[in-house]
Every structure is written in C-alpha cells, then in structure tokens.
Amino acid sequence: MRKAKTISEKIFSDHLGRDVEAGELVIIDVDFMMGQDGTSPLAIKTFEEVGASSVFDSKKIAMVIDHNAPSPSEKVSALHKLMRNFKDQNKIYFYDIGDGICHQLMPEQGHALPGQIVIGADSHTCTYGAINCFSTGVGSTDLAIAMASGKLWFKVPETVKIVLNGDLPFGVYSKDVILFIIKELTANGATYKAVEFEGEVIDNLSVQARFTISNMAVEMGAKVGLMKADDKVLEWLKNRTSDEFKTYESDYGAQYEKIYNFDLSDLEPQVSKPHTVDNVSSIKDVEGIPIQQGLLGTCTNGRLEDLKIAAKILKGKKVNSDVRLIVAPASRSTLLEAIDEGVIQTLIKAGATIVAPGCGPCVGTHNGVPADGENVISTANRNFKGRMGNNKAFIYLASPATVAASCIEGKITDPRKYL
Amino acid sequence: MQLIGYAHKFGDNVNTDYIISGKYKFATIDMNELVVHLMEDLRPNFYYEIKKGDFIVAGENFGCGSSREQAPLVIKQAGIGAVLAKSFARIFFRNAINIGLPAIEVSTDSIEEGDSLKVDLEKGIVENITKNQVLKIHPLSPEMLEILKLGGLVNFYKKYGSLEFKKFN
Ligand code: SF4
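Same order as they appear, the protein sequences are chains S and D.
Here our numbering is used: the first sequence runs in plain steps of one and ends on residue 419.
Here our numbering is used: the second sequence runs in plain steps of one and ends on residue 169.
What the hints contain is simulated information worked out from the structure, not anything from laboratory work.
Some hints could be false.
Said to hold, decoys possible - Output of the computed footprint for chain D on chain S, the stretches with three or more beta carbons under 8 Å from beta carbons of chain D: (1) 73-87; (2) 91-101; (3) 133-144; (4) 197-209; (5) 258-268; (6) 297-306; (7) 338-344.
To be verified - Here chain D is said to cover these stretches of chain S; the calculated rule only asks that three of the stretch's residues, wherever they fall, bring their Cβ under 8 Å from a Cβ of chain D: (8) 35-42; (9) 121-130.
C-beta: ideal position from N, C-alpha, C; glycine also.
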C-alpha cells in the first residue's frame with residue numbers, strides 16, 4: 001500500500017514522478033524563481049561565473065526591486081542598473097520601484113500557484129505556502145544555478161503540524177496568532193521543517209490574513225508554512241492565472257515530526273519585544289511603553305486589509321505629535337485599491353507619511369531609520385538589533401490594529417478600545 | 001578535508017544582521033568592502049582578531065534571518081575555515097555549503113574561546129587539541145562534501161555540467 005504522505009512529500013513525489021519521503025536529497029525542476037535587489041546582483045554575478053549565456057526559461061523567472069526602492073545612493077543605483085541590464089538581456093519578468101514587495105507580487109501576479117515548487121532569494125519566500133505552494137527561501141548561488149539549469153537540490157523536509165482551533169476573539173488578528181505560535185515554538189522550533197497550519201482559525205481567516213501567518217513561518221526556522229487550498233484560495237486565484245494547477249492535502253496517517261494543538265479562543269493581542277521575534281508578551285504586559293515611530297506595511301502586514309484596519313482606527317483621529325507613522329503599501333495595486341477606498345486619505349489626514357510600495361524602512365537602508373534609543377512599533381516580521389538600520393533602537397512587532405492604536409497614544413496600546 | 005585553527009566563541013541565535021549589518025550589505029557585492037564589518041555589532045573589531053583558518057564556534061540556530069549570501073561569504077572572505085554550531089538556520093546552512101564554507105553541526109558546549117581545534121570532515125570529527133577531546137559531528141552527505149571540496153556549488157556545476165550528484169557516486 002502507498003504510504004500516507006504530508007503535503008510536502010506529495011508535491012515532491014509528483015514533481016519527481018516517484019514516491020519520495022522526508023529526508024531524501026533530491027534534485028527538482030523548479031516551477032518559478034525570484035530574486036530581489038538585495039540578492040539578485042550577487043546571483044547575476046554568479047550566473048556569469050558559471051559561464052551561463054542565457055536563462056533556462058525567461059517565463060519562469062522574476063526579479064523585483066523592492067528593498068531599496070527608489071534607490072537611496074549611487075552604489076545601490078549601480079546594482080539596480082545591473083539588474084535592469086540583466087532583464088533586458090534575458091527578457092525575464094521584472095518589477096521595478098513602486099511595483100511592490102516581492103512576496104506580495106509573486107502570488108498577486110499569479111507567479112506562485114498551489115502545488116508548485118517556487119524558490120525565492122529571500123527568506124520570507126515561505127509566504128506563498130498560504131496558497132498551498134511549496135515556496136522557500138534560498139541564496140544567490142542557488143538562484144544563479146537555478147536560472148541557468150532550472151533545477152535545484154532540496155532535502156524533502158519533515159513536517160510539523162500546527163492545529164489552531166477556536167474562534168479568534170474580537171480585536172485579535174492573524175498577526176497575533178503567529179506571534180503567539182512563535183513564542184510557543186521559539187525561533188528554532190521548526191528549523192529545516194515544513195509546517196502545515198490547519199484548523200478552524202485558519203479556515204475562518206481571509207487569504208490575505210493567512211499570508212501573514214505563512215510569512216512568519218521562517219521566524220521559527222521553517223522551510224515553508226503550508227495551508228490547504230480551500231474555496232477561498234481558489235476564489236482569490238481567479239483572474240490571477242489561467243495556468244492549470246493541482247492542490248494538495250496531507251493524507252490521513254501521514255508522518256509528522258510533531259503535532260501541536262492550540263485553542264485560541266482566549267488569545268489576547270500579542271507583541272514581540274526587542275531583540276528576538278520569539279520574545280512575545282500579551283499586550284497587557286507591554287502597554288504604556290512609549291514609542292517614537294510606527295511602521296505599517298511590509299510583506300507581513302502591508303496588504304489592503306491591514307491598511308483598512310489601521311484606517312478604521314485612525315479615522316478622524318491624529319497620530320500623536322511625538323510619533324512618526326510610516327505607511328508602505330505592499331504593492332502598487334494595494335496602493336491603488338487603498339486610494340479607491342479612501343483608506344490612504346484617512347491615513348494621510350491622520351498624519352501618516354506614505355512611502356513607495358516596497359519594503360520601506362523594514363530592513364533599515366532608507367525611508368525612516370530610527371534614532372538611538374528610540375522605540376518603534378512595527379507590523380514587520382523581524383526585530384533584530386540593528387534591523388531598521390540602528391543597533392541602538394528598539395523594535396516591537398504587533399498587528400496593524402495595535403500599531404495604529406499605539407500611534408494615536410504615543411505608547412503601546414491595546415487596540416480593542418478603538419474598535 | 002582537514003582544517004586547523006583557533007575557536008572564536010559566540011552564543012545562540014547569531015542572526016545574519018549581526019554577521020553583516022543590512023546597512024552595509026545592500027550597497028555593494030564586493031566582499032572586501034564588507035569584510036571589516038564582520039560581527040561588529042556583537043564584537044567590534046572582530047575581523048582584526050582572526051587568523052586564517054580560525055573557526056567561528058556558536059550555539060543554536062546560527063545564521064537565522066535573511067537569505068543574503070553575503071553572510072557566509074563575508075565569513076569565508078575573513079579567512080574563517082569553518083563555522084561550528086549546535087544547529088544552523090536552514091538558508092544559512094544551504095548558502096554556506098553552496099559557497100564552500102563548511103557549516104558543521106556539533107555539540108559546541110565544551111569548546112571555549114581560543115581552543116585549538118582540528119576538524120576532519122571525512123572522519124566526521126572535531127578534535128579539541130587544547131582540551132584533548134574528540135567530538136563527533138553530524139555527518140554531511142557525500143554530495144555536500146563534494147561541493148565543499150570543490151569550493152562551492154559554482155565549481156561543482158562547472159565540473160559536472162549539472163546538479164546530478166550520481167555522476168561521481
Ligand atoms: S518587507 Fe521586510 S521582511 Fe519583507 S521582503 Fe521586504 S525587507 Fe524582507
């Protein structure tokens with residue numbers, strides 16, 4: 001009898017045309033690959049070193065300028081130029097400044113689909129697991145070799161299953177869910193493993209909200225954060241692709257390295273404190289900590305739903321005079337929709353500063369580097385020391401609602417009183 | 001593959017931003033420019049303490065964070081012969097092997113700053129000469145050993161013309 005399999009084992013088996021199990025080292029034809037402006041220049045250099053003359057398939061590669069967009073310096077501009085030249089030569093998909101964050105664009109533009117194996121030279125490539133895609137982060141050498149050959153080596157991962165039951169309380173969002181899980185499993189809790197998220201909590205979340213959870217799977221070391229492709233996912237994918245795809249669920253009796261069960265009916269808003277992501281508290285333990293900057297955006301929480309929640313809280317109110325609130329929409333289409341719905345107007349009226357769709361100040365190269373000793377409350381996924389460009393600043397991570405409420409009061413604030 | 005050098009000890013969860021801060025690594029792909037900043041947020045002037053062949057020895061989850069290959073590249077460029085840690089973050093581990101920097105999983109608790117170490121990758125052991133101790137390492141697959149021996153995936157790909165490992169098995 002055929003052995004029961006996890007989602008990852010099934011996707012790898014189908015790609016290889018033979019049965020594989022967790023632990024095997026395999027070489028896979030990659031369905032789609034992506035690089036951003038922090039990793040592509042090195043990949044292009046390595047691609048040339050390998051002696052490759054052209055990419056294996058221009059329709060399976062995208063590059064995105066999102067980390068430093070627009071360029072803050074002549075050195076960065078030179079690297080961007082290198083990428084644009086590569087695009088001209090190889091006719092790959094290309095997203096330039098203002099188009100958005102790579103992890104928003106891959107699923108939004110139909111490049112990442114259920115059942116596919118997608119790689120990205122960026123650690124948060126695990127995000128598209130939310131639409132049942134085996135997507136994972138790799139480095140520049142991997143991207144270079146994959147662009148040349150279409151292939152890459154992988155270890156078929158073991159899987160950790162996380163079952164989330166209960167009804168999320170009012171004012172508690174998918175960001176709070178994933179912060180809580182990372183606290184429970186720790187920064188090292190799923191290293192090398194695929195994670196499968198399931199349960200009522202996931203079923204009830206929108207696809208946008210699910211991306212937030214899969215996005216942060218890497219913060220516990222995971223290779224990908226997979227979810228099944230239910231009707232919501234299929235609906236979300238409509239008009240994004242005309243390609244055929246296959247969806248996968250794990251078999252009953254599949255081998256899991258570990259299964260966690262959580263009931264989240266009493267979950268409170270969560271905040272991750274400096275300087276590690278797994279240093280998480282309930283809101284009541286951090287309320288009142290003064291903040292000087294807020295960041296609403298990033299591949300974790302820069303989608304329309306996120307901007308809307310913040311706008312709902314900030315409508316008719318003002319960002320505290322001691323706080324700068326920076327908003328970076330996840331993509332050009334997100335920004336357009338937010339303009340159409342009046343969300344951007346509300347945020348600007350409240351005193352927010354809108355920067356170009358892209359990574360914004362998330363990675364600390366431009367667009368709002370904090371000063372020494374300042375506290376930032378951010379919707380991003382990492383709060384490492386120096387992450388936002390200053391190793392003497394302190395970064396707290398929270399949901400868009402918590403960030404918005406905190407920006408009104410100038411201190412970390414429970415968002416529920418503003419909802 | 002045999003490697004000999006002194007240990008420089010670090011703790012758990014050394015992330016890629018500590019290895020090389022984002023504020024430098026975005027502006028250049030020239031490792032010579034980046035290398036002087038290696039680990040500077042954790043240990044200022046660390047680069048100047050390194051002798052060629054020395055080891056970085058760390059705890060759990062070394063290299064967590066970004067996928068940027070600048071992190072292992074800068075370590076290699078600084079003359080570090082291998083990184084020894086209790087565990088590695090996945091992408092760092094991949095990148096290290098791909099660029100030809102041995103990433104060795106071993107229990108590092110007994111290793112102290114300045115210990116003299118000898119690593120034998122084929123035998124799968126780390127000899128702590130200072131402490132007269134032998135530690136067993138988590139073995140690397142033959143494919144990974146071949147990539148390391150050749151100095152990285154680029155050379156491997158050039159030599160074999162593909163990623164097919166069976167060619168040399
Ligand atoms: S938004 Fe932040 S975490 Fe996401 S890809 Fe950009 S820099 Fe990385």
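Hint-by-hint comparison with the structure:
1. 73-87: holds (count 4)
2. 91-101: violated (count 0)
3. 133-144: holds (count 7)
4. 197-209: violated (count 0)
5. 258-268: Violated, because only 0 residues of the region 258-268 of chain S bring their Cβ atoms closer than 8 Å to Cβ atoms of chain D.
6. 297-306: Violated: only 0 residues of the region 297-306 of chain S have a Cβ under 8 Å from chain D.
7. 338-344: Our answer is that it is violated, as 0 residues pass the Cβ test (under 8 Å) against chain D, missing three.
8. 35-42: holds (count 5)
9. 121-130: That given contact holds, which follows from 4 residues of the region 121-130 of chain S lying within Cβ reach (below 8 Å) of chain D.
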